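Engineer: Letter by letter, the chains look like this.
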Amino acid sequence: MDFLSIINSAASEILSPTTAAFALATIGLNIHFGYSGLLNFGQAGFMAIGAYAFAIFTMMVDPTATLGWPVWLSFIAAVLVAIVAAVVFALILGIPTLRLRGDYLAIVTIAAAEIIRFSVRTQDLTAITGGSQGLRGADYKGDFDAMNPLTGTTYGFGPWTATAYDTWVRIVAWSLVIVALVLVWLLMRSPWGRVIKGIREDEDAVRSLGKNVYGYKMQALVLGGVLGAVAGVMFVLPRAVQPDNFATTMTFYIWTALLLGGAATVFGPLLGSVLFWVLLSFTGGVINLLHGMGVFGDMSGSQAGQIRFVLIGIALMVLVIFRPQGILGNKKELSFNV
Amino acid sequence: MSDTTTPPTTHPLVDGEVGPGCKKVDPIVVADGVVRQFGGLTAVDVAHVEIPRGMITALIGPNGAGKTTFFNLLTGFDRPNKGSWSFEGQSLAHVPSHKVARRGMVRTFQLTKSLGRLTVLQNMLLGARDQRGEGIFAALLKPLWAKQEQANTERADALLARFKLDAKREDYAASLSGGQRKLLEMARALMSEPSLVMLDEPMAGVNPALTQSLLDHVKGLKAEGMTVLFVEHDMHMVRHISDWVIVMAEGKVVAEGPPETIMQNQAVVDAYLGAHHDTDLGTLTNQQVAQINEAAEEEVPVDPEASATDSETRTGGATRITAADDEEGQR
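Taken in order, these protein sequences are the chains called A and B. Using this note's numbering, read the first sequence as starting at 103 and increasing by one per residue. Using this note's numbering, read the second sequence as starting at 843 and increasing by one per residue.
Check before you lean on any hint, since a few could be wrong.
Partial pick of chain B residues on the chain A-facing surface, computed with a CB cut under 10 angstroms [claimed, not checked]:
1) R944
2) R945
3) L957
4) R959
5) Q964
6) R974
7) L982
8) A1031
9) S1034
If you are wondering where the hints come from, they were derived from the structure by calculation, not from laboratory data. If you're wondering where the values come from, they're calculated on a predicted model, not measured in any experiment. For every residue, glycine included, the Cβ atom is placed at its ideal position computed from N, Cα and C.
Sequences and hints are given; from them, build the entire structure.
Structural biologist: Here you go:
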């Protein structure tokens, strides 16, 4: 593996569908944490809910085959099922915790995300969720593939070359990212966004001005969760559904991306996600190269591969200490001790 | 305080005789039997109180008297164990705090709650009520709320000018001084056009230069027809601006009256200084000493000559020291 191919694979991450899926999940988390001050440590749980609901609906109900629906309709129906599942999940999490202090939500979300992951892993549910093996991509990608208007073999150039199916996923995923960004921008310039940001600063003050704080927090939790679920759908379209992809590590990647780009900014989550994946790929490549040259001595390849996570951890610490507002954040906004 | 002039027993605001829990001619808030307990501690136990409409009423009392807890109960920020209270004739029991505010009863906080990472103008706009753009779907379409937003902004600018905060319009609220934050909080509360403004210690932490302007603003609220209820420790302010004073101590309303005479009320003096503040508890009367000695003798017989004076008991034997210890304990 030479240096050029490292650069190449790092650059390819910029447009990869995984990055788009991450950007969507991070935009959702930004609504939670950046704007509303909700400590959601279970964004991976929302992604898992979305991915499983989408895949299971497509496999079990399969409206194209059983009801004769056009492929686009059954695809949209499956996405809607994923969204409804995320709304229900958000309500279940929010109803008991949103009246309490923020820390309660943090604990409940991190636990709930793990409950989801362990539930879909159970052997008894293998017929539905595939157990620890997960679901095969070919079982639920049919509708989406059939919708693909691209007929050629490969598209793009340089590091951004992809097959017709991959290009189709990219187009849809990145379009959704743009829609989500516009949505956040529209909402956060409105009076609704003002109330949400007020709640982040001080709930009681907003309550004393006659706003239903509980209702607003619930709306924010649902909206960010829905974006997480859509992200989950986009995340599994280029691969298979693997329960362990939705572990807490995923949640913390999303947090890292958010803090890197800058919370409470419209483009922060996008920039953060892109940078995060480019850096992860780049450091992975460099470490692999160095390992090949014997720099790490007796370490095995997979052991050396873990070093990049150490580097990411250090980078996150440095970021939080020296630039807590992230890359796009407003320095002035965080310079106050509130 | 023995030379107190008798406080007046009638007052134009009062229907009947002046006293704790007296009926008002035109009350805006009526509370009945409101009790709030924290475990074994009864923080608030108000039998009956009425707040006169269109007046400035001060709620005073020593620390821990339950003033802020009573505020929280009235505004729905805390729930009482029992009791009923109404605002403009409508019951407020079990009404959540945001709905209390929507009915026109707006409060501020003892520890100022300015929304730090919002600008001063955004803080103000948050106060406006019935905003169409605060619904999540209407928020997406600016034409639906742009006009209302414009009107609110104009009103906010007028209020900011009145509170001399217009130069800070685009600054983050966190960059304001403590006194300016108090002003902002008051101005923000006014954005909702309340009929009753409840101020929790508006003077706490405000520098003397701003005090006068704050006093004028509170008087201005009354001039605009609003009712003001405030908690305060600063007696200068209470005497200057209030029309009526309600005194709380140990959770109960102990006195009411006009500010000119309230401090002469014996219950108020007792509440602030303690009921026995001019009684010397340190000296035992001869009768008490005799009783103590009698009790001691019943347990241990003592030579009557030796116990004649205190000094002798101290220098006496072991049994006499016991008697002296007993006496110390009584003190």
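Engineer: Does each hint hold? Answer for all of them.
Structural biologist: Hint check:
1. R944: At about 4 angstroms, which falls below the 10 angstroms cut-off, the nearest Cβ of chain A leaves the hint on R944 of chain B intact, so it holds.
2. R945: 9 angstroms, holds
3. L957: This hint holds: L957 of chain B lies near chain A, its Cβ roughly 4 angstroms from the closest one there, short of 10 angstroms.
4. R959: Given a least distance of 5 angstroms, the restraint on R959 of chain B holds.
5. Q964: This interface hint holds because 6 angstroms falls under the 10 angstroms limit.
6. R974: This hint holds: R974 of chain B lies near chain A, its Cβ roughly 8 angstroms from the closest one there, short of 10 angstroms.
7. L982: 5 angstroms, holds
8. A1031: Because about 8 angstroms separates A1031 of chain B from the closest Cβ in chain A, which is inside the 10 angstroms limit, the hint holds.
9. S1034: OK, holds: S1034 of chain B within 10 angstroms of chain A, min 6 angstroms.
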